[in-house]
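There are 2 protein chains.
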Amino acid sequence: MQNPTACLLVIGNEVLSGRTQDLNINFIAKGLGAIGIPLREVRVIPDVPETIITTLNDVRVRFDHVFTTGGIGPTHDDITSECVAMAFGVPWEKHSQAWARMEAHYASTPGGLAAFNPARQRMATMPRGATLIDNAISIAPGFTIGNVHVMAGVPRIMQSMFATLAPTLAGGPPIVSRAVHATGTGEGLIASGLADIQQRYPALDLGSYPYYRAGGQGVAIVAKGNDAAACEAAIVEVTALFVSLDVVPMQGEPPAA
Amino acid sequence: MQNPTACLLVIGNEVLSGRTQDLNINFIAKGLGAIGIPLREVRVIPDVPETIITTLNDVRVRFDHVFTTGGIGPTHDDITSECVAMAFGVPWEKHSQAWARMEAHYASTPGGLAAFNPARQRMATMPRGATLIDNAISIAPGFTIGNVHVMAGVPRIMQSMFATLAPTLAGGPPIVSRAVHATGTGEGLIASGLADIQQRYPALDLGSYPYYRAGGQGVAIVAKGNDAAACEAAIVEVTALFVSLDVVPMQGEPPAA
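So the sequence lines, in the order shown, correspond to chains E and U. Counting from 1, one number per residue, gives the positions in the first sequence under our numbering. Counting from 1, one number per residue, gives the positions in the second sequence under our numbering.
If you're looking for bench data, these hints aren't it; they were derived computationally from the structure. Being a predicted model, the structure only gives us computed values, none of them experimental. Think of the CB as a built atom: it goes at the ideal place given N, C-alpha and C, for glycine as much as any other residue. Do not rely on the hints blindly, as some may be mistaken.
Okay, the calculated bits of chain U under chain E, using three or more residues with CB under 8 Å as the criterion [what the hints assert, rightly or not]:
1) 33-40
2) 125-133
3) 201-211
Kindly generate the complete structure, drawing on both the sequences and the hints.
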């Protein structure tokens with residue numbers, strides 16, 4: 001069974017300038033793997049309309065799902081939503097459900113309905129045909145249009161949106177992994193044997209990752225795919241490879257540094 | 001004066017699967033800003049030859065510099081180097097300088113010259129015309145060909161390669177930033193005034209970033225560009241905007257969470 005594929009667009013100058021350490025890629029990568037929609041590409045792009053539109057139109061035809069983070073707030077640099085409308089060639093207009101919800105929210109705040117100002121109204125303005133992605137943290141929703149899922153950039157808000165969205169997506173078998181590691185050996189020693197094992201398990205992704213710890217350096221081998229039994233079998237073979245090289249295999253990933 | 005532009009390709013299934021939290025994007029983003037070669041796009045792509053070749057050929061004509069991380073080790077999943085050769089249409093061949101250095105290194109190890117096995121020899125095999133990027137940590141070098149700079153994926157090795165490479169690149173004026181933040185206000189309240197300030201400083205990138213801390217939530221405004229005086233002036237205007245809204249501006253970014 002084929003897994004659907006995903007692409008993530010991280011939209012925001014703050015990641016490209018180094019101001020912000022991105023945490024969304026890793027969260028979404030894990031979350032999508034768990035529902036069997038493996039992440040196949042990420043692009044980090046600036047808050048530039050032509051770039052957002054061109055990139056979105058490039059990737060939305062090549063992947064089953066596209067997720068975006070960032071650029072849906074109320075300020076001048078939040079332009080994702082209108083760019084998505086332009087990419088789809090649909091009007092960017094008041095979303096009645098989002099609008100009513102935000103209007104009710106601000107009406108009950110100390111500022112009253114005046115607090116639902118034009119900047120905040122932009123957060124209730126969406127491409128025609130968008131369906132809302134709710135979240136438990138903020139009043140402003142994300143949205144889905146076609147195969148594009150538009151989420152906030154602030155990690156805890158994005159995570160809440162992803163929790164709402166993920167159960168609604170039809171995934172494939174979850175991506176699972178098994179690992180083994182050994183200290184006191186190097187990638188250069190196991191490379192040949194490892195390549196042979198990869199050839200015997202073409203459906204798996206067998207990754208080799210050197211690590212450096214106070215307790216010594218070594219190599220972790222991770223088998224990933226949607227067939228847990230095959231992952232197990234491949235890791236048994238890697239374990240035997242370590243033994244044949246007189247190093248002591250340890251199950252799983254090495255402990256964090 | 002125009003700044004040269006950069007694109008980064010993060011090559012590796014481990015970032016896309018969520019196995020590894022990427023740290024290279026942020027390091028390279030900051031490092032390139034400091035030498036005036038702002039990072040304009042990042043792509044995270046898998047260890048798939050067609051994807052690496054197509055992506056590299058797409059971006060190397062669109063940016064002044066392309067940096068890659070990952071995929072230059074000795075194992076079967078390390079395919080960046082030969083893919084770069086294919087992208088440039090040049091032979092992938094023994095690099096005499098890298099080869100001699102690695103041969104000498106392994107000859108003096110307990111394993112002797114036999115330890116310079118075919119897997120490790122791949123790390124001394126490069127696109128024709130490559131010049132080496134040395135590093136202080138490992139014996140295997142990265143390389144530059146044309147405007148493409150190929151570096152390791154392991155952060156401390158990549159960082160050492162970047163330290164060698166950066167001084168050799170002709171950058172523009174450094175990208176600098178100034179910031180001000182205020183607790184107890186929201187993006188929706190300052191958005192209109194902020195958009196006006198951005199319009200008065202079109203050469204700057206004025207970013208608005210909400211933050212959430214135990215001490216309260218607020219907004220940080222960051223002005224970035226290669227004109228420090230303009231950044232200062234814009235932040236003075238943002239400071240006045242905060243004051244006009246009866247919130248207390250604090251210079252710089254908010255303290256880490």
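Does the segment 125-133 of chain U contain three or more residues whose Cβ lies closer than 8 Å to a Cβ of chain E?
Violated - the segment 125-133 of chain U has 0 residues with a Cβ nearer than 8 Å to chain E, which falls short of three.
Check of the segment 33-40 of chain U against chain E for coverage (Cβ-Cβ below 8 Å, three residues minimum)
holds (count 4)
In terms of beta carbon proximity below 8 Å, does the segment 201-211 of chain U have 3 or more residues touching chain E?
The restraint on the segment 201-211 of chain U holds, since 6 of its residues have a Cβ under 8 Å from chain E and three suffice.
Of the numbered hints given earlier, the model fails hint 2 alone.
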